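Peer 1: Below, each chain spelled out in residue letters.
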Amino acid sequence: MSTIFQRKNVIIAVILFAIAFPYLTDNTYYIHIMSLAFIWTIAVYGLNLLAGYTGYLSLAHAGFFAIGAYSIGLLTVKAGLNYWLAFILAILITSFLGLLIGLISLRTKEHFFAIYTLCVGYVIYLVIDKWDSLTGGVRGLIGIPAPANIGPISFQTPVSLYYLILFFMLLAVLVAYRIVNSLTGRTYIAIRNSEELALTMGIDTGKNKLVVFVISTAFAGVAGALYASFIRFIGPEVAYTTVVFDLLTFLLVGGIGTLTGPIVGTLLIVWISQQLQFLQDYRMLIFGPVLTLLVIFYPRGLVGGFYAWKMKREHKRAMKANSAKSSDSAIGAKDQVKEG
Amino acid sequence: MKLKIMMLLSRLIWEGAQLLKLENLTVNYGSFTAIQNVNIEVAKGEIVVLLGANGAGKSTIFKTISGLIKPAEGDILFNGSSIKKTSADRIVKSGIVQCPEGRHLFGGMTVYENLNMGAYVHRGKREEIKKSLNHVYDLFPILKDKADDPAGSLSGGQQQMLAIGRALMSKPKLMMLDEPSVGLAPLIVEQMFDVIQQINREGTTILLAEQNANAALRISNKGYVFESGSIVVEGTSKELFSNDEVRKAYIGA
Ligand SMILES: Nc1ncnc2c1ncn2[C@@H]1O[C@H](COP(=O)(O)OP(=O)(O)OP(=O)(O)O)[C@@H](O)[C@H]1O
Ligand SMILES: [Mg+2]
Numbered sequence: 349m350s351t352i353f354q355r356k357n358v359i360i361a362v363i364l365f366a367i368a369f370p371y372l373t374d375n376t377y378y379i380h381i382m383s384l385a386f387i388w389t390i391a392v393y394g395l396n397l398l399a400g401y402t403g404y405l406s407l408a409h410a411g412f413f414a415i416g417a418y419s420i421g422l423l424t425v426k427a428g429l430n431y432w433l434a435f436i437l438a439i440l441i442t443s444f445l446g447l448l449i450g451l452i453s454l455r456t457k458e459h460f461f462a463i464y465t466l467c468v469g470y471v472i473y474l475v476i477d478k479w480d481s482l483t484g485g486v487r488g489l490i491g492i493p494a495p496a497n498i499g500p501i502s503f504q505t506p507v508s509l510y511y512l513i514l515f516f517m518l519l520a521v522l523v524a525y526r527i528v529n530s531l532t533g534r535t536y537i538a539i540r541n542s543e544e545l546a547l548t549m550g551i552d553t554g555k556n557k558l559v560v561f562v563i564s565t566a567f568a569g570v571a572g573a574l575y576a577s578f579i580r581f582i583g584p585e586v587a588y589t590t591v592v593f594d595l596l597t598f599l600l601v602g603g604i605g606t607l608t609g610p611i612v613g614t615l616l617i618v619w620i621s622q623q624l625q626f627l628q629d630y631r632m633l634i635f636g637p638v639l640t641l642l643v644i645f646y647p648r649g650l651v652g653g654f655y656a657w658k659m660k661r662e663h664k665r666a667m668k669a670n671s672a673k674s675s676d677s678a679i680g681a682k683d684q685v686k687e688g
Numbered sequence: 011m012k013l014k015i016m017m018l019l020s021r022l023i024w025e026g027a028q029l030l031k032l033e034n035l036t037v038n039y040g041s042f043t044a045i046q047n048v049n050i051e052v053a054k055g056e057i058v059v060l061l062g063a064n065g066a067g068k069s070t071i072f073k074t075i076s077g078l079i080k081p082a083e084g085d086i087l088f089n090g091s092s093i094k095k096t097s098a099d100r101i102v103k104s105g106i107v108q109c110p111e112g113r114h115l116f117g118g119m120t121v122y123e124n125l126n127m128g129a130y131v132h133r134g135k136r137e138e139i140k141k142s143l144n145h146v147y148d149l150f151p152i153l154k155d156k157a158d159d160p161a162g163s164l165s166g167g168q169q170q171m172l173a174i175g176r177a178l179m180s181k182p183k184l185m186m187l188d189e190p191s192v193g194l195a196p197l198i199v200e201q202m203f204d205v206i207q208q209i210n211r212e213g214t215t216i217l218l219a220e221q222n223a224n225a226a227l228r229i230s231n232k233g234y235v236f237e238s239g240s241i242v243v244e245g246t247s248k249e250l251f252s253n254d255e256v257r258k259a260y261i262g263a
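If you're matching them up, the sequences are chains A and B in order. Quick note on the working numbering: the first sequence kicks off at 349 and runs consecutively. Quick note on the working numbering: the second sequence kicks off at 11 and runs consecutively.
For reference, chain B alone in the conformation it holds in the complex (with noise of 0.2 Å):
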């Protein structure tokens, strides 16, 4: 009896603490299977790195994540609950945001509006929008001297990180970054991974699609590579790192 309540009560301490979990998963465009059963668990306060080569299918995992994408089969539980068949906008409501590739930003509107337009979930909040704001600026102090430009006047790095303070602005729980590195120069990828720590130290589970190994892996505490569409090689950041295969195709050592 006593052994029972300690199972229940380390199996629910255990699930409890897995924020995102995708079960044989498989995702299909049209005949085309891009995602073919994986599984990833990604626990509270983590970060998580998905490595993989151009089409290998990060960014189909995030946007059937997100719900932008209806999974074939399998299942995506959030908080131990299933979001398979949970709209898009719902999914960053209950705390799941995308940031992604390509810094898609609202070229229309200036900085402070793309920023505004991330707290859409808490819009009539003013105190906790200004919050959050002041948060984003404190992470990012040239987006608050360029809150009044137009979003696309800002240079790659810049762009960047007004996405992530987007991202941010709905305060998710987990937040997924699609390749934040790409295109930008070694100084300011450091710069800007120092920040992704950052805002996981803050509370928030990171998940990252990353080509960059190297920086991802210093990072992250656990990781998955990505080949076609499945998991070739899994385990934490440290065995990663001196995986042969792993440095042979990203990191190049």
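With the rest of the complex left out, here is chain A (with noise of 0.2 Å):
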């Protein structure tokens, strides 16, 4: 109960920082990146109900990313759409052809699905490349206007823009809690724990699949079409590779399967590659080891290991609680890391 409390507590705490944030720095700079930090941990959060609760690892999250970020600028630079239709119709055309590359895609498992979708992303990638009538190529899009106004709000100064990103990042927190916690997100986790055991308690594996990828690149959608409004040019690089691998090493660092793991990654990861910038293309020598031993020792990532950390304590005084009451009773015990 106390622990439900606690995390409730920290919740409260992180959205008040977040909201407090422009007030504390009047650095805009900062407010820049913390935004974009803000609009990765969207596509972050999900890649995690994909890769992380249902265990398929999409590597063409960037692609539609970019898909989400190309459609909004196509539509409101080439088309002249109005901003919030334009916003609605990208993540729409993002879910839409998420469901066609879904459709195809989740008939392969595994380490397939994993190399398959990361061709059907460099394929996305090139399309935009190459296709220069319509995407500009590698001369990118420019002109992509900002957030329309709502109203009376504006979204035209630097602050403004952070709170719609932190709206939208908190909506993307908010539905990712409500999946995970639902029978729907058990689900998932019975996809991801066992494809057989799932089909014999009569889920229909394949749907839930299709339904979870599609929500997933929605998501990359969301952020991707903030993300060309926000930086208000965008180029074929959005889709390239490196940018999923980006994403992948938030949700690992952060705790893949974890429902704060991808805020908690994000934020430190795109903070502390800010301190060490002076370091350049080095950093990667810094990362990569720290990475890697992350990945060896905590599997679950930062959140992951913090809970299992906790638990064992939590166990451990539970125990003193009973050898104190009788001395026996350490003969049952075990020690268990609960999951998921």
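Read the hints as simulated data drawn from the structure, not as lab findings. Please read all numbers here as calculations on a predicted model, not as lab measurements. Do not rely on the hints blindly, as some may be mistaken.
Said to hold, decoys possible - No farther apart than 30 Å at their CA atoms in a straight line, the calculated lysine-lysine pairs in the DSS-like style are these:
#1 K181(B) - K141(B)
#2 K457(A) - K95(B)
#3 K248(B) - K31(B)
#4 K183(B) - K156(B)
#5 K356(A) - K154(B)
#6 K258(B) - K232(B)
#7 K555(A) - K95(B)
#8 K140(B) - K457(A)
#9 K141(B) - K457(A)
#10 K660(A) - K156(B)
#11 K54(B) - K181(B)
#12 K664(A) - K156(B)
#13 K248(B) - K555(A)
#14 K154(B) - K660(A)
#15 K555(A) - K94(B)
#16 K555(A) - K140(B)
#17 K258(B) - K248(B)
#18 K668(A) - K156(B)
#19 K248(B) - K183(B)
#20 K258(B) - K356(A)
#21 K658(A) - K426(A)
#22 K478(A) - K426(A)
#23 K54(B) - K95(B)
#24 K183(B) - K555(A)
To be verified - If we take Cβ atoms under 8 Å as the criterion, some of the chain B residues that face chain A in the derived model are:
#25 A27
#26 A98
#27 D99
#28 K103
#29 G105
#30 Q108
#31 G112
#32 Y122
#33 E123
#34 M127
Stated by the list, open to error - Covered stretches of chain B (in silico footprint by chain A; criterion: 3 or more residues with CB under 8 Å from a CB of chain A, positions within the stretch not fixed):
#35 113-119
#36 129-140
All C-beta atoms in this analysis are idealised placements derived from N, C-alpha and C, irrespective of residue type, glycine included.
Build the complex: two chains, separate frames, hints provided.
Peer 2: Structure below.
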């Protein structure tokens, strides 16, 4: 009971901090970095639902991010659509393409799925890069408008944009939270556990996998659309495979298959790599080994590791309390770490 | 005319009593034939046992009935209609559930969550699920005590109880149990078989795969003995129990 309460407090504290953040600093660069980190966080939550909870590692995620970004870019710049209409359409387009690609790629499993989606991601990159007449190719797409006013609220200043992005990020967390804590979420975990076993429970695994695939692409689409209107310029490199590996790093460091992992990992890595900017590409010399060690010793990331540590501690405490009561109760002791 | 109607009626009754029928079933894994031309009939309310050594094909039969593997030839009739082409999830919905061998549980979930997962096909029907849950808790009180424990922390016997309980949560007409006694202490095996019998008395037809012929034949109505994918002996449990070959191979007397 007390842990739920604590977790709630932590979440409230984080939200309050995020809301207060623009008032704690007048450095717009920091606000810029934080906004960007929130955008990535949205995408990582999508990846987490699919790869973390359902066990399907999609490496096409950056491709869908790019589809979201280019959709809103083209719809506003070339088609001259109303911003929010374009925003909604961008998400729909991304989800629809997600549906089509999901139908095909979910015929594969495990590493074949990862490899297949890696190829899909690369094809998306190539299409954007080579389809010059539509996407502008390597020159990219410039002049993407910032989010249009909603009534009296305008998003022209970095701080107001920050709050808009924060809103979408919190929405993404809420949606992920609701999914994970529902029967649907447990269905995904069941599929991750064993697809055959899930089938013997009467779970339509095919349908469920497709739905979560589409949901994850929708997250990527939202993130991409926000990115495009935040940076105002996009090039094919947003679809490049390094982006998906960045997202994956955020997820692994934070904790794959945990609810707070995506935000912890993304914020941490984004800020650390900002601090280490002076090292330029040598940063990877630090990140590489640290990531490797983390994956070896904390396969569920920092958040997963933290919960394991806490469970162990609580368990020890319970044992102590027990052995104080009766000295022979230690016999049935088990060292269980609850996952999921 | 009267005779014809009588015949038709008796046929209807006869077929109505047949819950599951495997007709000339053949199952392949690639080029390897695991099940060859097998015929099995399970009547409503029965306990039917499949006996056979390791690799005889018992689990393959179960997986085929469950829709996890599609047969190469033959047909599977459930309540008179073919389920050969039905998908695995729909087969569960129609009332066939399998409790797979090796007590596969959802390790990251609690005992309660595992049971809840078993009621997936009844999702949304809160009252119904609660009833089933209480039923399972009545059969296996230990599961109630451990409801919030991670499934992975249970002992072997408790895990088997959870696997059976979870299968029961779907309220099956036919429950298939794949070697429920394997690796359990004799006393627990006895308890387990008592519960299986009770589940059967409450109206669930049971198809049981076992190597423990002694215990299985004691509670079952009839049985089939498998050897490398084919039925070699079949008969009532009484017959099988006194069959010399069966005694030699499975009872050790
Ligand atoms: N996935 C598979 N691919 C190829 N061959 C398989 C596969 N599963 C089982 N077999 C083979 O099919 C045959 C029957 O296996 P099955 O698992 O049905 O036997 P079983 O009677 O359940 O044995 P046990 O008592 O050991 O569980 C065996 O020869 C086995 O090697
Ligand atoms: Mg078997």
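Peer 1: Against each hint, give a clear statement of whether it holds in the structure.
Peer 2: Now for the hints, and whether the structure bears them out:
1. K181(B) - K141(B): holds, 10 Å
2. K457(A) - K95(B): holds, 22 Å
3. K248(B) - K31(B): The hint holds at about 22 Å.
4. K183(B) - K156(B): Roughly 27 Å separates the two Cα atoms, so the pair holds.
5. K356(A) - K154(B): holds, 28 Å
6. K258(B) - K232(B): holds, 18 Å
7. K555(A) - K95(B): holds, 18 Å
8. K140(B) - K457(A): violated, 35 Å
9. K141(B) - K457(A): Outside the cut-off at roughly 37 Å; violated.
10. K660(A) - K156(B): Holds, because 19 Å separates the two Cα atoms, which is no more than 30 Å.
11. K54(B) - K181(B): Satisfied, since the Cα-Cα distance of roughly 15 Å is no more than 30 Å.
12. K664(A) - K156(B): holds, 19 Å
13. K248(B) - K555(A): Status violated; Cα separation ~46 Å.
14. K154(B) - K660(A): holds, 24 Å
15. K555(A) - K94(B): holds, 20 Å
16. K555(A) - K140(B): Holds, because 27 Å separates the two Cα atoms, which is no more than 30 Å.
17. K258(B) - K248(B): holds, 15 Å
18. K668(A) - K156(B): holds, 21 Å
19. K248(B) - K183(B): Between K248(B) and K183(B) the Cα gap is close to 25 Å, so the pair holds against 30 Å.
20. K258(B) - K356(A): violated, 64 Å
21. K658(A) - K426(A): Distance of about 53 Å is beyond 30 Å: violated.
22. K478(A) - K426(A): holds, 18 Å
23. K54(B) - K95(B): holds, 22 Å
24. K183(B) - K555(A): Between K183(B) and K555(A) the Cα gap is close to 25 Å, so the pair holds against 30 Å.
25. A27: violated, 26 Å
26. A98: holds, 4 Å
27. D99: holds, 4 Å
28. K103: Because about 6 Å separates K103(B) from the closest Cβ in chain A, which is inside the 8 Å limit, the hint holds.
29. G105: Since chain A brings no Cβ nearer than about 10 Å to G105(B), farther than 8 Å, the hint is violated.
30. Q108: holds, 5 Å
31. G112: At about 10 Å, which exceeds the 8 Å cut-off, the nearest Cβ of chain A leaves the hint on G112(B) violated.
32. Y122: violated, 11 Å
33. E123: This interface hint holds because 6 Å falls under the 8 Å limit.
34. M127: holds, 5 Å
35. 113-119: As far as the stretch 113-119 of chain B goes, the hint holds, because 5 residues have Cβ atoms under 8 Å from chain A.
36. 129-140: holds (count 3)
Checked against the numbered hints above, the structure breaks hints 8, 9, 13, 20, 21, 25, 29, 31, 32 and satisfies the rest.
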